[in-house]
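Peer 1: Here are the chains, one letter per residue:
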Amino acid sequence: QQQVKQSPQSLIVQKGGISIINCAYENTAFDYFPWYQQFPGKGPALLIAIRPDVSEKKEGRFTISFNKSAKQFSLHIMDSQPGDSATYFCAAGFSGGYNKLIFGAGTRLAVHP
Amino acid sequence: EAGVVQSPRYKIIEKKQPVAFWCNPISGHNTLYWYRQNLGQGPELLIRYENEEAVDDSQLPKDRFSAERLKGVDSTLKIQPAELGDSAVYLCASSSINGGGNSPLHFGNGTRLTVT
Chain A
1 QQQVKQSPQS LIVQKGGISI INCAYENTAF DYFPWYQQFP GKGPALLIAI
51 RPDVSEKKEG RFTISFNKSA KQFSLHIMDS QPGDSATYFC AAGFSGGYNK
101 LIFGAGTRLA VHP
Chain B
1001 EAGVVQSPRY KIIEKKQPVA FWCNPISGHN TLYWYRQNLG QGPELLIRYE
1051 NEEAVDDSQL PKDRFSAERL KGVDSTLKIQ PAELGDSAVY LCASSSINGG
1101 GNSPLHFGNG TRLTVT
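Residue numbers (this note's numbering), protein chains in the order written: chain A, 1 to 113; chain B, 1001 to 1116.
A couple of the hints might just be wrong.
[To be verified] Listed next, the in silico DMTMM-like pairs over lysine to aspartate or glutamate satisfying Cα-Cα at most 20 Å (straight line):
no.: 1; chain 1: A; residue 1: Lys5; chain 2: B; residue 2: Glu1044
no.: 2; chain 1: B; residue 1: Lys1071; chain 2: B; residue 2: Asp1057
no.: 3; chain 1: A; residue 1: Lys100; chain 2: B; residue 2: Asp1056
no.: 4; chain 1: A; residue 1: Lys100; chain 2: B; residue 2: Glu1050
no.: 5; chain 1: A; residue 1: Lys68; chain 2: A; residue 2: Glu26
no.: 6; chain 1: A; residue 1: Lys42; chain 2: A; residue 2: Asp84
no.: 7; chain 1: B; residue 1: Lys1071; chain 2: B; residue 2: Glu1052
no.: 8; chain 1: A; residue 1: Lys100; chain 2: B; residue 2: Glu1044
no.: 9; chain 1: B; residue 1: Lys1078; chain 2: B; residue 2: Glu1014
no.: 10; chain 1: B; residue 1: Lys1078; chain 2: B; residue 2: Glu1044
no.: 11; chain 1: A; residue 1: Lys58; chain 2: A; residue 2: Asp31
no.: 12; chain 1: A; residue 1: Lys68; chain 2: A; residue 2: Glu56
no.: 13; chain 1: A; residue 1: Lys100; chain 2: B; residue 2: Glu1052
no.: 14; chain 1: B; residue 1: Lys1062; chain 2: B; residue 2: Glu1083
no.: 15; chain 1: B; residue 1: Lys1062; chain 2: B; residue 2: Glu1044
no.: 16; chain 1: A; residue 1: Lys57; chain 2: A; residue 2: Asp84
no.: 17; chain 1: B; residue 1: Lys1062; chain 2: B; residue 2: Glu1050
no.: 18; chain 1: A; residue 1: Lys100; chain 2: B; residue 2: Glu1053
no.: 19; chain 1: B; residue 1: Lys1015; chain 2: B; residue 2: Glu1053
no.: 20; chain 1: A; residue 1: Lys42; chain 2: B; residue 2: Glu1044
no.: 21; chain 1: B; residue 1: Lys1011; chain 2: B; residue 2: Asp1086
no.: 22; chain 1: A; residue 1: Lys71; chain 2: A; residue 2: Glu26
no.: 23; chain 1: A; residue 1: Lys100; chain 2: B; residue 2: Asp1057
no.: 24; chain 1: A; residue 1: Lys100; chain 2: A; residue 2: Glu26
[Said to hold, decoys possible] Far from chain B, by Cβ distances over 10 Å, these chain A residues were calculated:
no.: 25; residue: Pro8
no.: 26; residue: Val13
no.: 27; residue: Gln14
no.: 28; residue: Lys15
no.: 29; residue: Ile20
no.: 30; residue: Asn67
no.: 31; residue: Ser69
no.: 32; residue: Ser74
no.: 33; residue: Met78
no.: 34; residue: Asp84
no.: 35; residue: Ala110
no.: 36; residue: Pro113
Hints were generated in silico from the structure; no laboratory data involved. All values reported here derive from a predicted model rather than from experimental measurement. Yeah, the Cβ is synthetic: ideal placement off N, Cα and C, and Gly gets one too.
Let's have the full structure, built from the sequences with the hints guiding it.
Peer 2: This is the structure we're talking about:
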């Protein structure tokens, strides 16, 4: 019940295209869903996060879409750039009190010029 | 602000040897986390500290792993003895409250451990 399943495992997109990464969670008590971006040799860095009281959150070229009934959320990267090439992790946790983030297995994105 | 600092960046040891990792969190962050990231996987929590108290160590293999956070600032994670399966990246993270929506986790660049 604590798992977060992420797909695809890897993704290749052409420059200017849309990258879409999907995640599904099981625990309906989760109310905080962040996405982290990790470059080789670096630690993960928070990219964008959403709470289930909204269905979509946009920050620049990055958008999270959230479907509470399906227990799914996704990251959309519009106008993908080579500099977006990294590994992306979704996670799920709680916005208040003790937060133990459960991370997905990651998606390795390669944006080709 | 300075980020989370970890050392060493890389460590190669033979199995059964001890190893230690060090972490200096972001100034003012009272919550510190140690995560393990296996190759091709997401980070998994090992232990969480609030100030100097370990408040969640349920995922820490206590037969060989130990951690401490003296004075509620820097932290050290130790493995003794190391096993081949301990090869991974060990990430330290910190947050100012509890890492939830109002205070995200800030990760260091990790220590890559290779056990031969």
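Peer 1: Determine for every hint whether it applies to the structure shown.
Peer 2: Checked hints:
1. A/Lys5 to B/Glu1044: Within the cut-off at roughly 14 Å; holds.
2. B/Lys1071 to B/Asp1057: holds (18 Å)
3. A/Lys100 to B/Asp1056: Answer holds: A/Lys100 to B/Asp1056 is near 9 Å, not above 20 Å.
4. A/Lys100 to B/Glu1050: Holds, because 13 Å separates the two Cα atoms, which is no more than 20 Å.
5. A/Lys68 to A/Glu26: Cα-Cα ~11 Å, so holds.
6. A/Lys42 to A/Asp84: With Cα atoms ~14 Å apart, A/Lys42 and A/Asp84 stay inside 20 Å; holds.
7. B/Lys1071 to B/Glu1052: Holds, at roughly 6 Å.
8. A/Lys100 to B/Glu1044: It holds: about 10 Å lies between the C-alpha atoms, which stays within 20 Å.
9. B/Lys1078 to B/Glu1014: Holds - the C-alpha atoms of B/Glu1014 and B/Lys1078 are around 15 Å apart, at most 20 Å.
10. B/Lys1078 to B/Glu1044: holds (17 Å)
11. A/Lys58 to A/Asp31: The hint holds at about 18 Å.
12. A/Lys68 to A/Glu56: Since the Cα atoms of A/Lys68 and A/Glu56 sit roughly 11 Å apart, the hinted pair holds (cutoff 20 Å).
13. A/Lys100 to B/Glu1052: The given pair, whose Cα atoms are some 18 Å apart, holds under the 20 Å limit.
14. B/Lys1062 to B/Glu1083: Holds - the C-alpha atoms of B/Glu1083 and B/Lys1062 are around 14 Å apart, at most 20 Å.
15. B/Lys1062 to B/Glu1044: holds (16 Å)
16. A/Lys57 to A/Asp84: With a Cα-Cα distance of about 19 Å, the restraint between A/Lys57 and A/Asp84 holds, given a limit of 20 Å.
17. B/Lys1062 to B/Glu1050: The hint holds at about 19 Å.
18. A/Lys100 to B/Glu1053: Satisfied, since the Cα-Cα distance of roughly 16 Å is no more than 20 Å.
19. B/Lys1015 to B/Glu1053: violated (30 Å)
20. A/Lys42 to B/Glu1044: It holds: about 16 Å lies between the C-alpha atoms, which stays within 20 Å.
21. B/Lys1011 to B/Asp1086: holds (12 Å)
22. A/Lys71 to A/Glu26: Answer holds: A/Lys71 to A/Glu26 is near 7 Å, not above 20 Å.
23. A/Lys100 to B/Asp1057: holds (11 Å)
24. A/Lys100 to A/Glu26: holds (15 Å)
25. Pro8: holds (13 Å)
26. Val13: A/Val13 is indeed farther than 10 Å from all Cβ atoms of chain B, at 20 Å.
27. Gln14: holds (24 Å)
28. Lys15: It holds; A/Lys15 is separated from chain B by about 25 Å at its closest Cβ, greater than 10 Å.
29. Ile20: Since the minimum Cβ distance to chain B is about 18 Å, A/Ile20 lies beyond 10 Å and the statement holds.
30. Asn67: The assertion about A/Asn67 holds, with a minimum of 19 Å to chain B.
31. Ser69: A/Ser69 is indeed farther than 10 Å from all Cβ atoms of chain B, at 21 Å.
32. Ser74: Correct as stated: the minimum Cβ-Cβ distance to chain B is 16 Å, above 10 Å.
33. Met78: For A/Met78, whose nearest Cβ neighbour in chain B is about 23 Å away, the distance exceeds 10 Å, so it holds.
34. Asp84: holds (19 Å)
35. Ala110: A/Ala110 clear of chain B: closest Cβ-Cβ about 15 Å, beyond 10 Å.
36. Pro113: The claim stands: A/Pro113 keeps its Cβ more than 10 Å from every Cβ of chain B (closest is about 25 Å).
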